[in-house]
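Now for the letters of each chain:
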Amino acid sequence: MDFFDRFSIPPHDDPMLYASIVAIAIVSIAIVVGLTYFKKWGYLWNEWLTTVDHKRIGIMYIISALLMLFRGGADAVMMRLQTAVPDNTFLDAQHYNEVFTTHGVVMIIFMAMAFIIGMMNFVVPLQIGARDVAFPRLNALSFWLYFAGAMLFNLSFVVGGSPDAGWTNYYPLAGTDFSEHVGVNYYNWALQISGIGTLMTGINFIATIMKMRAPGMKLMKMPMFTWSALITNLIIVFAFPVLTIALLMGTFDRQFFTNFFTTSDGGMDMMWANLFWIWGHPEVYILILPAFGIYSQIISTFSQRNLYGYKSMVASMVVISLLSFLVWVHHFFTMGQGAVANSIFSITTMAIAVPTGIKIFNWLLTMWKGKIRFTTPMMYSVAFIPLFTIGGVTGVMLAMASADYQYHNTMFLVAHFHNVIIPGVVFAMIAGLIYYWPKMFGFMLNERIGKWAFWNIVIGFCLAFFPMYITGLNGQARRMYTYSESTGFGPLSMVSFIGALLLAVGFVLIVYNVYYSFRHAPRNVGDDPWNARSLEWATHNPVPEYNFAITPNVNSEEAFWDYKKNGHDLFKGKIEDIHMPNNSGWSIIFAGIFFVFGFCFVFHVWAGVIIAFLGIIGCMIYRSFEKDDGHHIHKEEIEETEKKFGGAK
Amino acid sequence: MKHDSNLPLEYSTETNEMNILGFWIFLGAEIMLFATLFTTYFVYVDRGVGNGPAGSEIFELTPVMIETILLLTSSFTIGLAVHAMRINRVKAMIGFMIVTLLLGAGFISLEVYEFIHYYHEGATLQTSGFTAILLTTLGTHGAHVTLGLFWGIMIIIQTLRNGLNARTANKSFIFSLYWHFLDVMWIFIFSFIYLKGMM
Ligand code: HEM
Ligand SMILES: [Cu+2]
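Just so you know, the sequences run in chain order A and B. Under this note's numbering, the first residue of the first sequence is numbered 1, with each subsequent residue one higher. Under this note's numbering, the first residue of the second sequence is numbered 1001, with each subsequent residue one higher.
Treat the hints as calculated values from the structure; they're not laboratory data. Heads up, the beta-carbon is just placed ideally off N, CA and C, and yes, glycines get one too. Heads up, a few of these hints could be off.
What the hints assert, rightly or not - Once the Cα atoms are required to be at most 30 angstroms apart in a straight line, the calculated DSSO-like pairs of lysine-lysine come out as:
1. A:K572 to A:K311
2. A:K211 to B:K1171
3. A:K572 to A:K643
4. A:K451 to A:K40
5. A:K627 to B:K1171
6. A:K627 to B:K1196
7. A:K211 to A:K572
8. A:K564 to A:K635
9. A:K574 to A:K635
Said to hold, decoys possible - Some chain B residues judged to face chain A by a derived CB distance under 10 angstroms, without partners named:
10. E1030
11. I1031
12. L1033
13. F1034
14. Y1044
15. G1048
16. V1049
17. G1050
18. G1052
19. M1065
20. I1066
21. L1125
22. T1131
23. M1154
24. I1155
Produce the entire structure from the sequences given, and follow the hints as far as they go.
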């Protein structure tokens, strides 16, 4: 029995947990039964699980991200419910710790990252006129490793217990002395596995963007989203290895009793904080730069003019990416570096606001000179500008080292980073999803429901987070599961809770919109429903497997606009056979074995670790010997497809 | 897929070129990985010793010297292997690759000996922050070399089976990049961990 004890759920148990175990079981059974009943297993396996098509991988990332948004959102509502009134007893302290930890990790690593990488997958190859990414099979592996990590992390909730040391996972709190159960092991392995996937994505997209652009597309003629993707992936390649090592050390400390981050025998707990933020701060720019890219596309399309200040947009991103590696200490000004170090990092941090400000002005000037159409994606973008600016300004407040002693680890900080991440990243992803929806599925999402969702989300955001600035300045600490009535935080916390509910309603409306539009939206939207400008709109909706029947010939960053308005000859060649990579089940199997490896490691099941490790080696050997030269789509087939879409492009 | 017949075989297709570029980017990530280890090492080397031994008390010059010579030589022989490949001498190429792997195996054996020595000196993974980062850094490098040994064997088998073609040439060339890279990392380890530690 001893062996099985480790899988039970310390350190607390309550009815809600069992309810969710039952819910998970029911949903899983329903999915299996449903697939069997509708005979969809083959379809699922052949068309999705084994696919190497960047568009489908992108869509799978986005679906996973939305699932994680709801998981993290449930955590958020629970936290706000607990703190809605003083001295509440809905969650106890330990449970609250676990909820804010999983909320942070799920939202940053498994929601935002997945959403962004999903968008890059879908959009970048189309924007540069390529047939796929540089390494399609590796791309599928990236997705499945991410998915394995996400599943592993979510499993912690029902088997063994969730991590409880915050998403920043500071030691010694995260060490075995203070967090005995396996939760933090889950943290280490889930992040490790999905992190490897992310690193591969980084390599893949740099190679894709450097090598696979359509003829004529010089670097300075790439659409802005592709630029942001390039820079983001460079940051990924340089930042993620730091996390890899930090997690490895954490694993060693917890599972092999080393002294990296302990407080005895030469261990240094601050080393974790440093390594974590050397990865962590670039990570927040990994999140925001692609969002900037999406806003650039959307704002230029719906202002009906080209993006103002293209070169300065690129330059500012380059500067941001360099600076992002030089500011990490601002996350722990209060933890004893001394005045000189704090001053230096204070200045570098404030410096980041400059290139960011340049971008804000470029968007404003794009709109200033344009004729704005207020579609839903544009409304998100317009809301983004003032809201994100507030987040940036409070960021600069936090960047003043001496003042940070007042703000640090209060709700003011929580308000700051939600203020940059929600209007920055989340709005961008929703706007991008709505914008590219017809490219993905061939119909539009309903604008009226979309606007209802928008207003719920924007108002919900303001109500949920602005009060935190005030309570934070009044001294309310973050990560506290309750407070007494005499603090006076009660009324504003209630406002915050109402805001959280509105946000939840907004997200539910988005899902309802998908359902509604799927049932009712017309299917004849054509290839250019938004009157767009960049190259990805020069092919059909939904995009055929091979993307472009003829490789386009580009001469500006607005190739499609030139084609429509200035008579630029985009498709000079004629249709020929197209070479495509083959589908393969290898990636999902490989990632599945990684999942088993991680799971066994979390629980010290060494036999399982060894078997899974051999499986991993076996997969690599298989891959090394495998011959896979892909296949050709024949000319006739392409011509037929193109005819169905009403003529070749 | 052929695009330029003037290029060497390992660059001869678009896929090949892509693989090589991708691998260079991967090496960029590897540099960050080792840089993180080195940085941590430098932080712990004086302040993380705790009650355990310091570097100067446990390092032994002889095995480390031999390891260095073995690995440097193997970097030279893998270079010869690639040269043989360029002039299409398959047998010589495979010969040099085998020599490379043998030298690599010698390196690993000595490293194992070195670890056992540390164990007897009372410097284990658990002893102190310093020993933990020392063994993790060496171990990461050693694990890379070990992986390289198996990888090299795969490539030799495939070259023997299919001869020298765009695929096998590409793989061999990429393998040589990897091997040189491990050598460069070792030079850093040798200079900044061992030599500096013994001074
Ligand atoms: C003008 C630009 C920005 C400045 C000057 C800035 C400054 C800061 C500072 C000084 C802190 C640490 C405060 C403390 O711990 O007391 C912080 C925390 C944070 N910022 Fe920003 N920031 C900026 C933009 C962003 C952006 C764009 C994002 C994300 C997309 C972001 C995400 C975060 C997160 C996640 C945290 C802290 C998380 C935690 O401790 O759990 N920031 N920021
Ligand atoms: Cu930061």
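So, going through the hints one by one against the coordinates:
no.	hint	in the structure
1	A:K572 to A:K311	29 angstroms, holds
2	A:K211 to B:K1171	19 angstroms, holds
3	A:K572 to A:K643	18 angstroms, holds
4	A:K451 to A:K40	34 angstroms, violated
5	A:K627 to B:K1171	13 angstroms, holds
6	A:K627 to B:K1196	48 angstroms, violated
7	A:K211 to A:K572	21 angstroms, holds
8	A:K564 to A:K635	26 angstroms, holds
9	A:K574 to A:K635	10 angstroms, holds
10	E1030	7 angstroms, holds
11	I1031	8 angstroms, holds
12	L1033	4 angstroms, holds
13	F1034	8 angstroms, holds
14	Y1044	7 angstroms, holds
15	G1048	4 angstroms, holds
16	V1049	5 angstroms, holds
17	G1050	3 angstroms, holds
18	G1052	7 angstroms, holds
19	M1065	28 angstroms, violated
20	I1066	28 angstroms, violated
21	L1125	5 angstroms, holds
22	T1131	8 angstroms, holds
23	M1154	5 angstroms, holds
24	I1155	8 angstroms, holds
Violated hints, in rising order: 4, 6, 19, 20; the structure is consistent with all others.
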